[in-house]
Structures are given as structure tokens and as C-alpha cells.
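Visitor: Kindly produce the complete structure, drawing on both the sequences and the hints.
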Amino acid sequence: MLLKELSEARGVSGHEKAVREVIQNVVREYCDETRVDALGNLICLRRARRTAPHAPRRVMIAAHMDEIGLIVTGINSDGTLRFAKVGGIDDRILLSKRVLVGENAIPGVIGYRPIHLIPAAERERVADMTKAAIDIGATSKANAEKLTKPGDYIAFDTPYEVLEAEGLRTVKGKAFDDRAGCAVLVELLKEDYPFDLYAAFTAQEEVGLRGARVAAYAIQPEVAFVFEGTICDDLPHEKDVSPVTELGKGPAITFMDRSFIADARLVRLLVEAAERLGVPYQFKRAVAGGTDSGAIQLAREGVPSVTVAVPARYLHAPSSILSLNDLEHTVIIAREALRALEGGLPS
Amino acid sequence: MSDASTLLKELSEATGVSGYEEEVRAVVRRAFQPYADEIREDALGNVIALRRGMRPAGEPTRAIMLAAHTDEIGLMISGLDGAFLRFERVGGVDIRTIVGQEVVVHGRQPLVGIIASRPPHVQTAAEREKPYALRDLFIDTGLSEARLREFVRVGDLATMKRTYVELAEGYASGKAFDDRAGVVSLALCLEMLAGMRHTWDVYAVATSQEEIGLRGAAVSAFSVAPTAAIAVDVGFGAQQGVSEQESIAMDGGPAIAIGPNIHPLMQERLVEVAKAHELKYQVEVAAGATGTDAWAIQVAREGIPTALLSIPLRYMHTSVETVCLRDIERTARLMALMIAGLDEAFAEQLG
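So the sequence lines, in the order shown, correspond to chains R and P. Okay, so the first sequence: first residue is 1 according to the working numbering, each after it adds one. Okay, so the second sequence: first residue is 1 according to the working numbering, each after it adds one.
To be clear, the hints were calculated from the coordinates, so they are not data collected in a lab. These figures come from a predicted structure and were not determined experimentally. Glycine included, each C-beta is placed from N, C-alpha and C at the ideal position. Be aware that a few hints might be false.
[To be verified] Lysine to aspartate or glutamate pairs mimicking EDC-like chemistry, simulated, CA-CA at most 20 Å apart:
id, chain 1, residue 1, chain 2, residue 2
1, R, K239, P, D81
2, R, K4, R, D157
3, R, K131, R, D78
4, R, K146, P, E166
5, R, K190, R, E5
6, R, K239, P, E127
7, P, K161, P, E88
8, R, K146, P, E169
9, R, K190, R, E29
10, P, K9, P, E191
11, P, K130, R, E122
12, P, K9, R, D157
13, P, K161, R, E8
14, P, K161, R, E164
15, P, K130, R, D91
16, P, K130, R, E238
17, P, K280, P, E244
18, R, K249, R, E336
19, P, K161, R, E161
20, R, K85, P, E127
21, R, K131, P, E129
22, P, K161, R, D157
23, R, K85, R, D152
24, R, K141, P, D251
25, R, K141, P, E166
26, R, K239, P, D136
27, P, K130, R, D128
28, R, K149, P, E169
29, R, K131, P, E244
30, R, K141, P, E169
[Claimed, not checked] Negatives, chain P to chain R, calculated, CB over 12 Å:
id, residue
31, T6
32, A14
33, R40
34, M54
35, A57
36, V154
37, D156
38, M192
39, G195
40, S223
Guide: Written out as C-alpha cells, the structure is:
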């Protein structure tokens with residue numbers, strides 16, 4: 001699958017162009033139409049290849065292209081860059097990371113004061129991000145201005161790598177939320193369906209499900225499936241804390257998150273698909289995070305929606321881990337569920 | 001002269017937590033070898049290269065020792081908890097700078113790992129107000145528990161996974177520039193001396209175990225027993241959030257230390273040479289312990305007149321330490337020019 005290229009492409013919310021280009025190049029041959037809308041969504045249509053009387057006419061599948069990241073807000077007199085967060089980032093994962101700044105991928109580092117110069121009491125507090133800066137090596141404001149400007153997007157510099165080739169088949173990289181979903185959509189576009197399949201690669205999910213909202217309005221689907229990379233918090237915990245999902249235990253079907261309650265018929269469709277094929281699946285076992293389903297469900301007069309997600313550890317951090325088994329099982333279950341839609345939505 | 005960047009990249013990307021510097025030693029040997037008459041390693045893992053001077057007939061043998069340390073701070077695996085690893089620190093690591101960081105676990109085979117963080121979605125606002133403590137942190141290698149047990153044991157080391165990168169304007173960033181930047185200056189100094197005439201013997205010593213108590217410097221100064229010594233380490237370069245009083249200027253040349261750790265004549269000589277050759281330098285006052293190899297060398301045997309040069313470095317003890325490469329080259333040049341001017345008269349002045 002396309003995961004490496006997708007993961008390494010830089011697409012902080014509002015600037016998804018590079019990711020969009022990776023996808024466009026691959027999906028073109030499977031699509032009857034592709035277009036980019038005003039928000040930067042890439043909407044791909046694969047027309048019905050046959051007819052089935054009970055099948056819905058328009059089905060939407062969606063995954064978001066954007067990732068969390070940073071943006072340049074100003075340049076200090078010493079040539080370092082001030083920055084703000086784009087999307088939900090925990091300040092505590094930012095220090096000492098490598099980043100790429102702007103269109104030209106200028107390398108930089110997020111620097112902080114050395115441990116030797118920080119009083120012990122202060123080390124007990126979360127580092128103050130207003131005192132952190134990105135160092136690109138520029139020695140003055142004027143020199144930095146030749147390389148970057150406020151508004152330039154900043155992505156983590158994280159190469160994709162295979163960690164375990166067999167067994168769990170784990171890989172690490174950035175932005176698996178939601179390039180994992182994008183990879184699933186690309187696979188699903190290769191199949192024949194008795195309905196028009198609209199694959200929406202959406203923009204700006206991380207800043208408020210903005211792309212999905214307008215995409216769903218335009219597509220007017222009868223049913224929607226959202227594919228995600230979701231929280232996997234299966235570290236050893238001292239207390240009885242939900243792991244939300246567990247790595248390698250299959251795609252996570254969401255019955256509810258902070259943005260929506262999934263359509264119960266679609267949840268059943270997915271569960272039955274998994275059980276029919278004997279493919280592992282799990283439920284997302286915490287009401288946490290939101291997905292494009294929250295926006296799609298409320299488009300126009302409402303759309304039955306569901307989210308199914310690939311578990312990924314360390315979401316919204318520079319490097320995350322997922323299991324390729326989970327990713328492939330997501331494709332398998334989704335394909336089977338779409339096939340089952342041929343008989344119409346279960347009642 | 002070779003450029004500092006090539007060797008710094010190689011040294012920075014090599015692994016060498018205190019006490020386990022062998023990979024770095026191999027790079028150092030290759031760098032020192034072409035300019036050394038003898039090269040050896042001692043019991044603690046110091047690499048000691050001797051470049052002989054052209055001693056005038058009838059004069060006693062005089063030697064200067066140059067020291068820079070090879071070891072880096074890192075992590076040590078302290079336990080296996082399911083498919084995850086617990087760890088301790090080796091040297092002064094600010095926990096806050098390693099969360100979410102990629103590491104290499106040096107087990108039966110090197111394994112890439114990530115220092116696990118919890119996603120913001122599942123944490124309360126109060127939880128996010130507190131820094132992670134060591135007991136909250138794990139290394140995740142992506143292996144199953146069974147596979148992990150095959151490869152990793154308690155006591156295995158882990159280092160930050162960080163490639164070297166050149167930034168703008170002759171700056172570079174990477175891990176373990178403290179003190180591999182100093183080691184580069186020693187190598188460049190030897191190379192320059194090959195094109196100069198010097199009467200004193202020169203011992204370039206890449207020392208081990210500095211970060212945990214200046215151990216390598218103490219024993220190598222004993223065995224070399226030099227007439228005088230210069231330690232090269234890194235100093236706090238000016239950066240955001242650090243005051244002018246606490247730091248030295250980046251791209252300002254080596255900081256020549258002055259204070260109780262430093263022999264005044266050595267300090268004066270370095271300043272004179274810098275001035276005479278119009279080399280950029282700065283003066284740094286160290287009122288007490290310098291925390292560098294100079295501190296151990298000064299009290300080896302009956303005492304050794306010692307100087308300290310600091311290469312300005314930002315973000316010390318993190319995986320994104322940043323230097324201006326010109327400062328490394330200036331440090332090398334200052335030492336080489338100073339050594340070329342050493343004579344018997346200076347030895348007698350030192351006493």
C-alpha cells in the first residue's frame with residue numbers, strides 16, 4: 001500500500017497540497033472523475049459498474065489528508081522562529097524535535113534551554129513553549145526572512161520505517177492519523193460497486209472537521225464510511241484505564257466519539273462483515289476524539305455515518321506506530337461491508 | 001584543511017554512551033591515525049594519539065595533552081513490562097526533552113524505538129499540566145513481548161536516534177556534539193600541525209566517561225603526564241531563553257576560560273596567539289569547577305598547567321545540539337598555532 005509515501009508527505013491542516021498530489025497520481029486510473037474543491041478536498045468518483053435494485057445510489061467514503069503540525073508566527077531578532085500549534089498537540093512532545101519549515105522544507109530544530117541552566121523546581125513544570133523557538137541556523141531576522149516567513153507551515157521530520165517485518169508487522173512514521181485512512185480509500189477505489197462511490201480525501205479535519213462538511217454537502221451521499229487512524233493507548237497502566245484500542249487486534253469500529261453517534265445499522269454491517277470473514281475487529285472503547293463522521297452526519301438533511309479506524313500508538317506526536325495487519329484488515333472489512341450494501345442498508 | 005562537517009557527522013551518528021564508547025573510538029582512530037606517530041587505547045577506553053615534535057638537540061622532552069570526550073549521555077534499559085521497556089538515564093538528560101523521541105535500543109541487534117507518550121485526547125487538562133516522570137515513560141519498539149525478550153535485556157543501552165543535519169549559515173545540529181565537536185577540533189588541529197613545525201610532543205586524547213565524572217581524563221592525564229594540557233569542551237551558546245550572562249556568543253570563536261581551574265600563563269598564551277593571528281575568540285570566566293576534563297587533568301600527578309576552550313553550543317544535552325562549524329575550525333586553529341609557538345622557555349615559565 002501507499003502508506004510510506006503518504007506518511008512522509010507534509011500536509012499540515014490548510015496546506016494539504018503535497019498529500020493530495022501523492023493521492024491524485026495514484027487514484028487517477030481508478031476514477032471516472034476527480035476534482036479539488038474550494039477547501040482543498042480531493043473528491044474522486046468511481047461510477048457504478050453494475051446495477052443492483054436495493055443498493056444506495058451514492059456512497060461516500062472519507063479520510064482526511066491533513067495532519068497536526070506547527071506554523072511560523074514570527075521571526076525573533078536572533079533569526080529563530082516563533083511558532084503556534086495547528087491542531088491538538090500536547091506541548092510536552094515538542095522539545096528537541098526535528099522539523100521541516102515551509103514549501104522548501106528548510107530543516108530546523110525545536111530548541112530549549114539546557115538542563116544545566118534550569119533550576120530544579122522549574123524542571124517540575126511543563127516547559128514554557130513561549131520560550132522555545134525553532135532554530136534553522138539563520139543568524140539574524142533578515143537572514144531568516146530569506147528562508148521563511150510567518151504563515152509557513154511546519155511539519156515533523158519523521159521518516160517512515162518498518163519496525164517488525166513479521167508477526168505484528170509494525171511500522172513507524174508520522175501522520176498515520178489519517179494517512180492510514182487515505183491508504184484504505186485508495187485500495188477501496190480499485191473495486192467495482194453497484195453504486196457511485198465518492199472517495200473524499202478531506203482537508204482541515206484536525207482544526208474542526210471543516211473539509212468533510214463541505215464535501216458531504218456537495219456529494220449528497222446516502223451512506224458514509226469514514227476511515228481513520230485512531231487512539232491506541234495500550235501502554236502498561238497503573239490504574240484500570242481503557243486502552244481505547246489495542247495494536248494488532250483489528251480495525252476499531254466506533255459506535256460513538258465526541259463528534260457523533262454512529263449509525264447502528266452501519267456498525268452492524270461492519271461487525272457482520274468482519275465475522276463473516278473471520279477477520280479480527282475491535283470496538284473503540286472510549287468516547288474520545290472526533291472524526292469527519294461528525295460533520296458528514298449533519299450534512300444537508302443528515303447522512304447515516306460510521307467510522308472505522310486503524311489503531312495507532314502516539315497519535316498527534318512526531319512518530320507513531322501502527323500494525324500493517326490492522327491496516328489490511330480494515331481494507332478487507334470495508335470491502336466486504338460495501339459489497340453487503342448491495343442489498344441495501346440493513347433495517 | 002578537512003571540513004569539520006564530515007567528521008562531525010560521522011562522530012555524531014556513532015553510538016557511545018559513557019563506558020561504551022567503542023563505536024566512537026573506531027571513528028576517532030581513523031581520524032587521528034594519519035597524523036599520529038603512535039596511537040593506543042587504555043583500560044578505560046581513552047584513545048591516545050601521539051604526534052612527536054621536532055625536539056632541538058639537548059632539550060628535554062615536552063608534551064602538551066589535548067583532551068575532548070567521546071562519551072554521550074543516554075538511556076539504560078531497566079526493565080521489561082509486557083511489550084514495553086522501562087529505562088533509566090545515563091548522564092544529565094532532561095526528561096522533558098525526550099518524550100515522543102525516537103531512540104535506538106542497542107540489544108542483540110539495534111532496534112528502533114519511540115519514547116511513548118499518551119495522546120492528548122485521553123488526558124485531562126490537569127494531567128497535561130505536569131511533565132512526564134521517568135516512571136510514566138516507556139520505550140516502544142513495536143515488537144511483541146516474545147520478540148522483545150529475544151533481543152533486549154536489562155542493562156542494554158539506548159541512544160537518541162538522530163541524524164546529523166546542516167542548517168543555514170554554516171550551522172549544524174545533531175546529537176552528542178557535546179563533546180564530539182571537541183573531538184573534531186582535536187583531529188583538525190593534528191592535521192594543521194602536520195603542515196607546521198612544532199617542538200613539543202602532542203598527545204591528542206579522546207577521553208571516555210566524562211559525563212559521569214571525568215573518569216577517562218583522570219587516568220589518561222596520569223599516563224601521558226604532559227607538561228601542559230588543553231581540554232576542549234562545549235559551552236552554553238547564546239540562544240532564546242538564556243541570558244547573555246549565562247552564555248557565550250555563537251560564531252564568536254572558542255571561549256578561553258579563566259578561573260581557578262585554569263593556569264594563568266596558559267590562558268594568557270592562548271589569548272596572545274588569538275590576537276596575533278586575528279582569530280575570533282572570547283573569554284569566559286569559570287569561578288569554580290568547570291565540570292570538564294580540565295578539572296580532572298589539572299590535579300593529575302603533581303598537577304598539570306591546564307587550559308579550557310569551549311565551543312559555543314546551543315540546546316546542550318538534547319538530541320538537537322547546535323553548533324556553528326566555524327567555531328570548531330577556529331578552536332583547532334587556535335590550538336595548532338599555540339602549539340607551534342611552544343618552546344623550552346615557556347616550559348620553564350610554567351615551572
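Visitor: R:K4 and R:D157 were given as a pair; does the straight-line alpha-carbon distance stay at or below 20 Å?
Guide: Roughly 13 Å separates the two Cα atoms, so the pair holds.
Visitor: Compare the distance between the alpha carbons of P:K130 and R:E122 with 20 Å, and conclude whether the hinted pair is satisfied.
Guide: Satisfied, since the Cα-Cα distance of roughly 11 Å is no more than 20 Å.
Visitor: Does R:K146 pair with P:E166 here, judged by a C-alpha cut-off of 20 Å?
Guide: holds, 17 Å
Visitor: Is the Cα-Cα distance between R:K190 and R:E5 20 Å or less?
Guide: holds, 18 Å
Visitor: Straight-line Cα separation of R:K149 and P:E169 no greater than 20 Å?
Guide: holds, 17 Å
Visitor: Are all beta-carbon distances from P:V154 to chain R longer than 12 Å?
Guide: holds, 16 Å
Visitor: In terms of Cβ atoms, is chain R entirely out of 12 Å range of P:A57?
Guide: Fine: 49 Å to the nearest Cβ keeps P:A57 off the interface.
Visitor: Minimum C-beta separation from P:G195 to chain R exceeding 12 Å: can you confirm that?
Guide: Given a closest Cβ separation of 30 Å, the condition holds.
Visitor: Regarding the pair P:K161 and R:E161, is the alpha-carbon distance no greater than 20 Å?
Guide: At roughly 13 Å apart (the allowed maximum being 20 Å), R:E161 and P:K161 satisfy the hint.
Visitor: Does the claim that P:A14 lies off the interface hold, with its Cβ farther than 12 Å from every Cβ of chain R?
Guide: Holds: least Cβ distance 19 Å, greater than 12 Å.
Visitor: Holds or violated: are the alpha carbons of P:K161 and P:E88 at most 20 Å from each other?
Guide: Holds, at roughly 17 Å.
Visitor: Quickly compare the C-alpha distance for R:K239 and P:D81 to 20 Å and report which way the hint goes.
Guide: holds, 15 Å
The structure meets every hint from the earlier list without exception.
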